[in-house]
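J.: As given, the protein sequences belong to chains A and B, one line each in that order. Sequence positions in the first sequence follow my numbering and run 796 to 1151. Sequence positions in the second sequence follow my numbering and run 796 to 1151.
Be a bit skeptical, because a hint or two may be false.
Because identical chains share one entry, a pair is satisfied inside a single copy or across any pair of copies.
[To be verified] Below, in silico cross-link-like pairs of lysine to aspartate or glutamate (EDC-like), each with a Cα-Cα straight-line distance of 20 Å or less:
| hint | residue 1 | residue 2 |
| --- | --- | --- |
| 1 | K1146 | E1075 |
| 2 | K1146 | E988 |
| 3 | K885 | E1110 |
| 4 | K1098 | E1110 |
| 5 | K1098 | D1055 |
| 6 | K1146 | E815 |
| 7 | K1098 | E971 |
| 8 | K1098 | D827 |
| 9 | K885 | D1055 |
| 10 | K1098 | E1082 |
| 11 | K885 | D1067 |
Quick caveat, the hints were computed from the structure, so don't treat them as lab data.
There are 2 protein chains.
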Amino acid sequence: MSPAENGGEPGTRFVAEIREQPAALRRLLEHDAEIARIAQEMRDRDARLVRLVGHGSSDNAASYGVYAFGLLPNWTAMRDSITLTVHYGKPLDMTGSTVIGLSQSGRTPDVVEYVKGARTAGAFTVAVTNDPGSELALAADAFIPLAAEPELAVAATKTYVNTLAALALLAGHVAERGGELAEGIGRAADLMESGIPGLERSTAKLALSFSYTGRMFVIGRGVEFATAREIALKLLETCRIAAEPLTATDLAHGPVAALDHLFPVWAIASSDGTLATVQEAATRIREMGANLVASGTAAELIKGAAFTVPVPMPEPALLSPLLSVVPGQLFASALARARGLDPDAPHGLAKVTLAS
Amino acid sequence: MSPAENGGEPGTRFVAEIREQPAALRRLLEHDAEIARIAQEMRDRDARLVRLVGHGSSDNAASYGVYAFGLLPNWTAMRDSITLTVHYGKPLDMTGSTVIGLSQSGRTPDVVEYVKGARTAGAFTVAVTNDPGSELALAADAFIPLAAEPELAVAATKTYVNTLAALALLAGHVAERGGELAEGIGRAADLMESGIPGLERSTAKLALSFSYTGRMFVIGRGVEFATAREIALKLLETCRIAAEPLTATDLAHGPVAALDHLFPVWAIASSDGTLATVQEAATRIREMGANLVASGTAAELIKGAAFTVPVPMPEPALLSPLLSVVPGQLFASALARARGLDPDAPHGLAKVTLAS
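Isolated chain A, as found in the complex (with noise of 0.2 Å):
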């Protein structure tokens, strides 16, 4: 649908879904008893080694949920290839694993089609789905609502942040947290709520002197990786920038040498055991003559950085990646405008995506 058919100027749906976000954090918490049932059913089987698919905004919250169990539970998940089983036919063992499914449209084929081969190599199966009709949701032995309400912008916002939630939510009842993880989203939902017209401010000053970036890195390491995935991906498919999301320690093995002043970085710092691997990133960047946005809860402890969007810390730590997004979201939101872009339904891209 062009701007004139919804009646708006364009990026208005993706702005405005971004400003639903901390109410749709608030419905998602809504279905904590059900995410809670889900948990124990987990623990009961005790499948124990988690496997998370999903292509796009939905891989990349996949990152995040490796250190939600990690760091919640102790368990190992991974983000599974779907290749093997879907596309080689290799029927792994998939007793003692669980499986989650991340799809917003629960319609990716592939997705879909792994869910129901590891169901039957059995893997105890979770959709987590904006849809309960879908395809994805009655594949799977239980089923988490995105509860995001529908998303028309075709780039991914709320249910990005609330496929983080889910997986946080889960990951806390499996580790008999969950009412302390409930309790942290509800009060990130506030913090994000008070932030955002702030933000909105600050990153449309940003955007101005981005309008003719071709290039950007975007680094995190740990729980913001997926941050940097997120936003990353946000720029390349609203703002046409070559954005590519890196480990901060990654940029140092080779991808630093591409650097130059007319390539900038948009770093996410968390005050946590991955600090200094973000500030080292930092210093090797300012002296390849980059440009550098320091950004996230520890956004004031970047030295040297040309511009700061810092995010207040939620509690626990390990929630940051739902605040720490959005001045990303935003930031693309203002420069896609400013580039005479529509972030609404960028040119070659459909809402769902079917291609195997």
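Dock chain B against the given chain A, drawing on the hints supplied.
T.: Relative to chain A, chain B alone:
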């Protein structure tokens, strides 16, 4: 060391080491018996969850390891989070796991630390490195020498290819198919040797068309996703192109929107269950007006490519990444020189990366 100090033209070492790869593969095969013993120990211990860790080219090779273990012994392998155990200090229970630490130098600090912790946590630990006296080799229970001889160009080539082969051979022995894999690697070395002169000529011509390219995607799927990652890294570090690797399917989930006639795509196609996904991506790429380079064993099956750089099919087919990376290495070598850059010593990089 500058070209003047090493007595050669820019890129002399890089191209010499690409040409040495067949000989390096044959040297690795001299260690077949040691690799077979390590595979036997993995079986004896039933350590069938394989955790691969590394950065840069080593992490790219880990992407291949997921398929080598998935396709040969049908074991689950994953690129594990280093951050979780090293930076967040979360001690996972690693009984039943084989840990494979990958580092050409054997000195990558967090890989060494991860391996030490994993050994304490009950994993069977294997070091794969080019330096038998390195800290990584000493920290692990077992050690596979890459036998690539010293690699002097900063951008890895022969150590990458030998890491792939070491993982294939190890997975082959775990599956009791070691002899078949060793023979296959030997034949792949012969195919590579006879193919390099022709590929040097064709990629030199190809490079002329890309002198001013600033952004690229490199796509592959399944076994060839490792190749896509490694070629993108070579282009980043030696040619300063913002080259991002994507699976053929993830391209459709957003990034395709950034493409235009100044944003070409290098696609690696194999004649396996993933071919249709790469063909479908190629259609989307052409629709966006982007130039396409088709490479890999099934390059000729990609329609509408502006350039085609095929490689022969090895046997078994899962060894194709040994060959399909070579056109990308040679293209990076030719393009770097066409752009006046020295691929032996990219600005801002050192051979051994000690960043944490």
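J.: Provide an ascending list of the numbers of those earlier hints which the structure does not satisfy.
T.: 2, 4, 7, 8, 9
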